Amino acid sequence: MLTTLLHPTAGKIIINGFDPTKNQDETRKSFGIVFQDPSLDDELTAYENINFHGILYNVPNEIRQKRIKELLTIVELWEKKDLLVKTFSGGMKRRLEISRGLLHHPKIFFLDEPTLGLDPQTRNQIWQYIKKLNEQEGITIFFTTHYMEEADRIAQRIAIIDQGKIISQGTALELKTKTETKSLEDAFLALTGRKIREEEASGLDQMRMRRQVWLGGRR
Amino acid sequence: MRTIYVLWLRQLKRYLRSKSRIIGSLGQPILFLVALGFGFGPIFKKAGGGNYMEFLAPGIIAQGILFTSMFSGTEIIWDRQFGFLKETLVAPVSRLEIMIGRTLGGATIATFQGVIIFILSLFVGFKPTNIFSVIISLVIMFLMSLLFTGLGTAIASTLDDFQGFQLIMNFLVMPMFFLSGALFPLNGLPKTIDVISRLNPLTYGVDGLRTTLTGISHFGLGVDFLVLGLITFLILSLGSYLFSRIEV
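So the protein lines, in turn, are chains A and B.
So that you can map any letter, position 5 of the first sequence is 6 in this note's numbering, and since no number is skipped, the others follow by simple counting.
So that you can map any letter, position 68 of the second sequence is 335 in this note's numbering, and since no number is skipped, the others follow by simple counting.
Just so you know, the hints here were simulated from the structure itself, not pulled from any lab data.
Given the structure is predicted, the values throughout are model-derived calculations rather than measurements.
Among the hints, a few may not be true.
[Claimed, not checked] Quick list of in silico lysine-lysine cross-link-like pairs, DSBU-like style, CA-CA up to 35 Å: (1) K67/A to K108/A; (2) K177/A to K133/A; (3) K132/A to K196/A; (4) K94/A to K108/A; (5) K23/A to K81/A; (6) K70/A to K166/A; (7) K132/A to K108/A; (8) K67/A to K313/B; (9) K30/A to K280/B; (10) K67/A to K286/B; (11) K286/B to K87/A; (12) K70/A to K312/B; (13) K179/A to K196/A; (14) K70/A to K286/B; (15) K81/A to K312/B; (16) K280/B to K87/A; (17) K280/B to K94/A; (18) K286/B to K94/A; (19) K313/B to K81/A; (20) K280/B to K108/A; (21) K458/B to K82/A; (22) K280/B to K82/A.
So here's chain A without its partners, still in its complex pose (with noise of 0.2 Å):
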């Protein structure tokens, strides 16, 4: 819904000041997003996606791949830029996606679970992306994720969903005093309950597995 993607049933959004049902392309430019799913073209080389995104938002060409120097170069893939995408890892097909998202200059950066399944390694290389590039543009990162030490570590305000509410919120150290735990995960435990969630599988990706919802303010 955030995203224009789907509809709401009831409630009001505003996305940097737009609302997704009626502004749709002015909350479409606000935003960079980091799908669950890979989504970049295969077939395609690493530069082609990313400046196919800059074409399809409309940065104009000087920019456009002044830019996507900068960004591949932070996210170290600038050397891989002519290779094929589909001879890329799991790791390197997300840092491309990440610094896709980044091109047209987003206010709120989306990222959907951006470390699942991957080792250890790639994810913390990822944050430290995430975060160099938080600090260097500014912008409110929005991400989900079920691994609570990440949360615990990067966002600086937390959102627990369970069961498709928000059930509460605030930043790692009041959600655990608040429940009297060590830990975030024992604080999400404390609160969500011990008893497996078998959510029924949606045809729709958004809703997928989607429990937590964590919040990472302006830097």
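Since the structure of chain A is provided, determine the placement of chain B on it from the hints.
Chain B only, in chain A's frame:
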């Protein structure tokens, strides 16, 4: 415009890069041309139908276009499965532009494929009668390509897995090809087959190509153009509508 262009370019790049797809999609038409063309040639002549290769080649060109464009249209299922569709759908561009860009891309590829089959058919004995009408045949090829890419897009917009693709091939593409007059003349057919072939849009494409390439016509070029144009318009409108409703 830039959106349409960049999506068109993407389809082309994908096509030109997958050599196996180009060769694979040419294999079947060549087999049909050679096996059926030479196989049925003598009997066709005996029955007073004239040169079968002349008759068959436009039908096989139409087949190549049909298969390639339906495949391009249904590529949406792939893009959906592998997530690329989402990237275009959250971009600040209209769905109509996305649909137009994709369809033009698919149609360009299919026309190109049709031209290749035409050139190949020259090597197995096909001789177009008039060089100028070959140019008109290109227009028909492009119109057909648009029509079937649009049809593929429309159908693929309502499907969400690969299984549906096989269903389209077996229950739509194959019957359309076999009942279009691509392989046999439409004269003196049983009533049912005659009605079905008249309802089949490919029939008019085949007839248009045969008229322009060999001079043999069943409906006349005017009817062919009118029917093709009208159906293309309807299918593209339907496709745009269905595509605009996709939720990913």
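Structure-based check of all given hints:
1. K67/A to K108/A: holds (19 Å)
2. K177/A to K133/A: holds (27 Å)
3. K132/A to K196/A: holds (34 Å)
4. K94/A to K108/A: holds (22 Å)
5. K23/A to K81/A: violated (40 Å)
6. K70/A to K166/A: violated (41 Å)
7. K132/A to K108/A: holds (15 Å)
8. K67/A to K313/B: violated (70 Å)
9. K30/A to K280/B: Distance ~27 Å between K30/A and K280/B Cα, so the pair holds.
10. K67/A to K286/B: Roughly 33 Å separates the two Cα atoms, so the pair holds.
11. K286/B to K87/A: holds (16 Å)
12. K70/A to K312/B: Violated: K70/A and K312/B sit about 66 Å apart, past 35 Å.
13. K179/A to K196/A: holds (21 Å)
14. K70/A to K286/B: holds (30 Å)
15. K81/A to K312/B: The hint is violated at about 60 Å.
16. K280/B to K87/A: The hint holds at about 14 Å.
17. K280/B to K94/A: With Cα atoms ~20 Å apart, K280/B and K94/A stay inside 35 Å; holds.
18. K286/B to K94/A: Judged against 35 Å, a Cα distance of about 24 Å means the pair holds.
19. K313/B to K81/A: Since the Cα atoms of K313/B and K81/A sit roughly 63 Å apart, the hinted pair is violated (cutoff 35 Å).
20. K280/B to K108/A: holds (32 Å)
21. K458/B to K82/A: Cα-Cα ~60 Å, so violated.
22. K280/B to K82/A: holds (16 Å)
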